[in-house]
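Protein chains: 2
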Amino acid sequence: MSPDEFREYGRMAVDWIADYLEQVESRPVLSPAEPGAVRAALPADPPERGEPFDALLRDMDDIVLPGITHWQHPSFFAYFPANASGPAILGDLLASGLGVQGMLWATSPAATELETHVLDWLATLLDLPEQFRSSGTGGGVIQHTASDSALVALLAGLHRVSGGATERAGVGSGSYAVYASTQTHSSVEKACRIAGLGADAVRKIDIDPTTLSMNPTLLREAVEHDARRGVTPTLIVGTIGTTGTGAVDPIHDLGEIAHEHGAWLHVDAAWAGVAAVAPEFRWINDGVELADSYDTNPHKWLLTNFDCSTFWVADRAPLIGALSILPEYLRNAATESGDVIDYRDWHVPLGRRFRALKLWSVIRWYGAEGLRDHVRNGVALAQEFASWVEADDRFELAAPHELALVTFRLKSGDDASRALMDVVNTSGRMYLTHTVVDGRLALRMAIGATSTELRHVRAAWELLRDSAT
Amino acid sequence: MSPDEFREYGRMAVDWIADYLEQVESRPVLSPAEPGAVRAALPADPPERGEPFDALLRDMDDIVLPGITHWQHPSFFAYFPANASGPAILGDLLASGLGVQGMLWATSPAATELETHVLDWLATLLDLPEQFRSSGTGGGVIQHTASDSALVALLAGLHRVSGGATERAGVGSGSYAVYASTQTHSSVEKACRIAGLGADAVRKIDIDPTTLSMNPTLLREAVEHDARRGVTPTLIVGTIGTTGTGAVDPIHDLGEIAHEHGAWLHVDAAWAGVAAVAPEFRWINDGVELADSYDTNPHKWLLTNFDCSTFWVADRAPLIGALSILPEYLRNAATESGDVIDYRDWHVPLGRRFRALKLWSVIRWYGAEGLRDHVRNGVALAQEFASWVEADDRFELAAPHELALVTFRLKSGDDASRALMDVVNTSGRMYLTHTVVDGRLALRMAIGATSTELRHVRAAWELLRDSAT
Numbered sequence: 001m002s003p004d005e006f007r008e009y010g011r012m013a014v015d016w017i018a019d020y021l022e023q024v025e026s027r028p029v030l031s032p033a034e035p036g037a038v039r040a041a042l043p044a045d046p047p048e049r050g051e052p053f054d055a056l057l058r059d060m061d062d063i064v065l066p067g068i069t070h071w072q073h074p075s076f077f078a079y080f081p082a083n084a085s086g087p088a089i090l091g092d093l094l095a096s097g098l099g100v101q102g103m104l105w106a107t108s109p110a111a112t113e114l115e116t117h118v119l120d121w122l123a124t125l126l127d128l129p130e131q132f133r134s135s136g137t138g139g140g141v142i143q144h145t146a147s148d149s150a151l152v153a154l155l156a157g158l159h160r161v162s163g164g165a166t167e168r169a170g171v172g173s174g175s176y177a178v179y180a181s182t183q184t185h186s187s188v189e190k191a192c193r194i195a196g197l198g199a200d201a202v203r204k205i206d207i208d209p210t211t212l213s214m215n216p217t218l219l220r221e222a223v224e225h226d227a228r229r230g231v232t233p234t235l236i237v238g239t240i241g242t243t244g245t246g247a248v249d250p251i252h253d254l255g256e257i258a259h260e261h262g263a264w265l266h267v268d269a270a271w272a273g274v275a276a277v278a279p280e281f282r283w284i285n286d287g288v289e290l291a292d293s294y295d296t297n298p299h300k301w302l303l304t305n306f307d308c309s310t311f312w313v314a315d316r317a318p319l320i321g322a323l324s325i326l327p328e329y330l331r332n333a334a335t336e337s338g339d340v341i342d343y344r345d346w347h348v349p350l351g352r353r354f355r356a357l358k359l360w361s362v363i364r365w366y367g368a369e370g371l372r373d374h375v376r377n378g379v380a381l382a383q384e385f386a387s388w389v390e391a392d393d394r395f396e397l398a399a400p401h402e403l404a405l406v407t408f409r410l411k412s413g414d415d416a417s418r419a420l421m422d423v424v425n426t427s428g429r430m431y432l433t434h435t436v437v438d439g440r441l442a443l444r445m446a447i448g449a450t451s452t453e454l455r456h457v458r459a460a461w462e463l464l465r466d467s468a469t
Numbered sequence: 470m471s472p473d474e475f476r477e478y479g480r481m482a483v484d485w486i487a488d489y490l491e492q493v494e495s496r497p498v499l500s501p502a503e504p505g506a507v508r509a510a511l512p513a514d515p516p517e518r519g520e521p522f523d524a525l526l527r528d529m530d531d532i533v534l535p536g537i538t539h540w541q542h543p544s545f546f547a548y549f550p551a552n553a554s555g556p557a558i559l560g561d562l563l564a565s566g567l568g569v570q571g572m573l574w575a576t577s578p579a580a581t582e583l584e585t586h587v588l589d590w591l592a593t594l595l596d597l598p599e600q601f602r603s604s605g606t607g608g609g610v611i612q613h614t615a616s617d618s619a620l621v622a623l624l625a626g627l628h629r630v631s632g633g634a635t636e637r638a639g640v641g642s643g644s645y646a647v648y649a650s651t652q653t654h655s656s657v658e659k660a661c662r663i664a665g666l667g668a669d670a671v672r673k674i675d676i677d678p679t680t681l682s683m684n685p686t687l688l689r690e691a692v693e694h695d696a697r698r699g700v701t702p703t704l705i706v707g708t709i710g711t712t713g714t715g716a717v718d719p720i721h722d723l724g725e726i727a728h729e730h731g732a733w734l735h736v737d738a739a740w741a742g743v744a745a746v747a748p749e750f751r752w753i754n755d756g757v758e759l760a761d762s763y764d765t766n767p768h769k770w771l772l773t774n775f776d777c778s779t780f781w782v783a784d785r786a787p788l789i790g791a792l793s794i795l796p797e798y799l800r801n802a803a804t805e806s807g808d809v810i811d812y813r814d815w816h817v818p819l820g821r822r823f824r825a826l827k828l829w830s831v832i833r834w835y836g837a838e839g840l841r842d843h844v845r846n847g848v849a850l851a852q853e854f855a856s857w858v859e860a861d862d863r864f865e866l867a868a869p870h871e872l873a874l875v876t877f878r879l880k881s882g883d884d885a886s887r888a889l890m891d892v893v894n895t896s897g898r899m900y901l902t903h904t905v906v907d908g909r910l911a912l913r914m915a916i917g918a919t920s921t922e923l924r925h926v927r928a929a930w931e932l933l934r935d936s937a938t
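Sequence order for the protein chains is A and B.
When you line the first sequence up against the numbering used here, it's residues 1 to 469, in that order.
When you line the second sequence up against the numbering used here, it's residues 470 to 938, in that order.
Just chain A, same shape as in the assembly (with noise of 0.2 Å):
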């Protein structure tokens, strides 16, 4: 493709999103696809001469759209919004462009030195503790999701109580514990099954009933058991903003404990981390500043395409003693030199995309004002949509509601609700997903979609009312 095709094709490219953007709360938010229906209209070889680049657009209308739940639909209140925006697609458009492949600052400075900074602009975005800056021992890195984040911390983790033992011999049997809530994302036990612990490894802590955050008693009572008994607490997981109701956990508690015990502290901030934007929102981080490392996603709340995980750490030593091997046809003077961050060491990939040009886009386009209106903006209607299942005697609120995220249920029970949740689905008007809380079923009303307005909310509460009866 030349230059001239690619602008010409590009501007088409470009037209397309802004018309799919304009148009989509006009599609069913949840795909009505049948499994099979999208291969079936594909033709079932690769083409052996090449196609001009409208022929792909067609079929992203023909083929693909009636395939594609849309999160960017405004009424999309499922899982958690991951929410894009036009400066996150576009800084991303321009790293495909470079194409440049960071895994060591040599091979393009620009790209370890803009992530590192923009790291730096969102801790201070977020009033994180001084540790996780890259001023000191510490510093940020983008990871694909929170998953890879629990996974590193883990190896961070496993790394420093052994004393970097585990790199040539391995982890052994039994000999590492790890701790989390019974509400912790599953991220925890998939990283301890990847790095050879095996799910046995995870005490699932009990949580509280009426916060829903794990209780530190509890968690003191196994640590120390497993102390006692010659196995080494490696990790705790603390979690801001559990998947199934945004309970907070006591980091603050949970760091004594992991301090104490020479445990690493993660702390999974996944969806709610980003709310801390705005000051009224950061007692979520209370504690923090005990942490040895911290995960957040802007690809969730604050506004920038997937995939962008933020991931700092208070001490870069462990996590590169845990992920870096030199092979020589990596070696290079300024990597030599000690002076620079590679960030290939700070992950499971070698290779590594320009991801902080969208999320330092993103930044630079909202400004600090307009990312604290976006939170605001989710949980005031959250907090309005609340008030609106608290006022109506069939439904009931199933979990505390600080942030953007609102659990509820009919108080005739989970098959009631299940059934509500499938009309609405169906109905292609708007999308929710379900959880599990005290042992009943409840629906999950996650708001933080960059289109989202009041009227999508009301709409939603509405169509759930009248589905109710």
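Everything labelled a hint here was simulated from the structure, so no lab data went into it.
Just so you know, these numbers come straight off a predicted model, no measurement behind them.
Glycine included, C-beta positions come from ideal geometry on N, C-alpha and C.
Worth double-checking, as some hints may not be accurate.
[What the hints assert, rightly or not] Restraint ranges, calculated between C-beta atoms of paired labels, are given here:
id, chain 1, residue 1, chain 2, residue 2, range
1, A, S451, B, D523, 55 to 61 Å
2, A, G338, B, A860, 38 to 44 Å
3, A, G338, B, H728, 31 to 37 Å
4, B, D935, A, S2, 28 to 34 Å
5, A, T232, B, P748, 54 to 60 Å
6, A, T232, B, D883, 42 to 48 Å
7, B, H728, A, R58, 29 to 35 Å
8, B, D842, A, D466, 40 to 46 Å
With chain A's structure known, arrange chain B on it following the hints.
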């Protein structure tokens, strides 16, 4: 950013990339930036108020570009070129615009089905054996990088040899062994460390001094030695196109040994695998019909911008067994029907970007014909370069060079070769990197960037030749 602003700024971004690609040849390939130079040009704090998008584009020119090592420069011959192309960039743009997160089939059926389908297409284009098609027990998935693929191959292998026991109990100590050659990519040792086996689990098998590929007799001895003493041969990694010299391991021999001992055979064809789009290069895949998994990177040599590492398994079950967890909030009817693929169970992350779009776009724009032309062009240029090296008394080839990588050196020794590399790289007129072959330094001329023509290779040779004087 409103849709109309998006149209306006989107055109600017498209034009910025077109201008960049038109002018990249005039820039120094390797960034001359000193450590800290890019950061020094950035404001210490994030902006309070938003800024227009053109301000970002100005800073792209003034701050970012001087810190870029230009991977899309036609004279980039370092590492392996990671080539992008117009249709890839635009396919990726569409993915950013849709902003779907395809962790489950249900969260966007088209994202999953198009990926499965396009991976079948690519298997057809590469003439990969039947076991990797989705029509049977196998199928393909896009991973971030070949490092991720090596890791999940190891996890699937562990799952299979342990009958799933490692999922709960972990990997224990010294029970599982992994085999690779001394030339295998460092990602295999990294995978063993991540997976809790430790680097000691890796048996680095020596190579044949002529072909530089793994010696299967030594592999057999190592496997049998482990088996005799109760260590389970778990994973054998065969490489098609080693990073250092492009050597091709004897996959068929490796496969026979793997089958005899129940080990998982993973083939890492990260760089070279895509060459099989042209029938005359399909010999590289001899023996792949015995492999359990296979990986190649369209983001290296097949015109698809980073990241796009295509990974196939012959049997999905052990992979999914190793990585699946189903918490309540991800349960859905489609998953429970068993009729669909949920790609979250095929890799480390949970969330996933719609990366199949860019590969689909590339295959459709170029067609099989265009992809063959691209690979053939790279190989022909490399062969020509090698002939010049051979004809110059001061130089010698350091390894065989069947594809598009030529390793060579000055006969006068390592210091001279290193000095030559430093001189040509510092000139900004080309960029190449080095390796060690048989204990001696060798320079790597890796051809395959999208815009590289004969004149660029000729100019590189002239610069090398003149600088060697």
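To see whether the hints hold, each was checked on the structure:
1. For A/S451 paired with B/D523, a C-beta distance near 24 Å fails the hint of 55 to 61 Å.
2. Take A/G338 and B/A860: their Cβ atoms lie about 42 Å apart, and the range 38 to 44 Å holds.
3. Checked against the hint of 31 to 37 Å, the C-beta distance between A/G338 and B/H728 comes to roughly 46 Å, which is inconsistent with it.
4. The hinted range of 28 to 34 Å is satisfied by B/D935 and A/S2, whose Cβ atoms lie roughly 32 Å apart.
5. A hinted range of 54 to 60 Å holds for the C-beta pair A/T232 and B/P748, which are about 56 Å apart.
6. Take A/T232 and B/D883: their Cβ atoms lie about 45 Å apart, and the range 42 to 48 Å holds.
7. Between B/H728 and A/R58 the Cβ separation comes to about 47 Å, which falls outside the hinted range of 29 to 35 Å.
8. Distance hint check: the CB atoms of B/D842 and A/D466 are about 60 Å apart, inconsistent with the given range 40 to 46 Å.
Checked against the numbered hints listed earlier, the structure breaks hints 1, 3, 7, 8; every other hint is satisfied.
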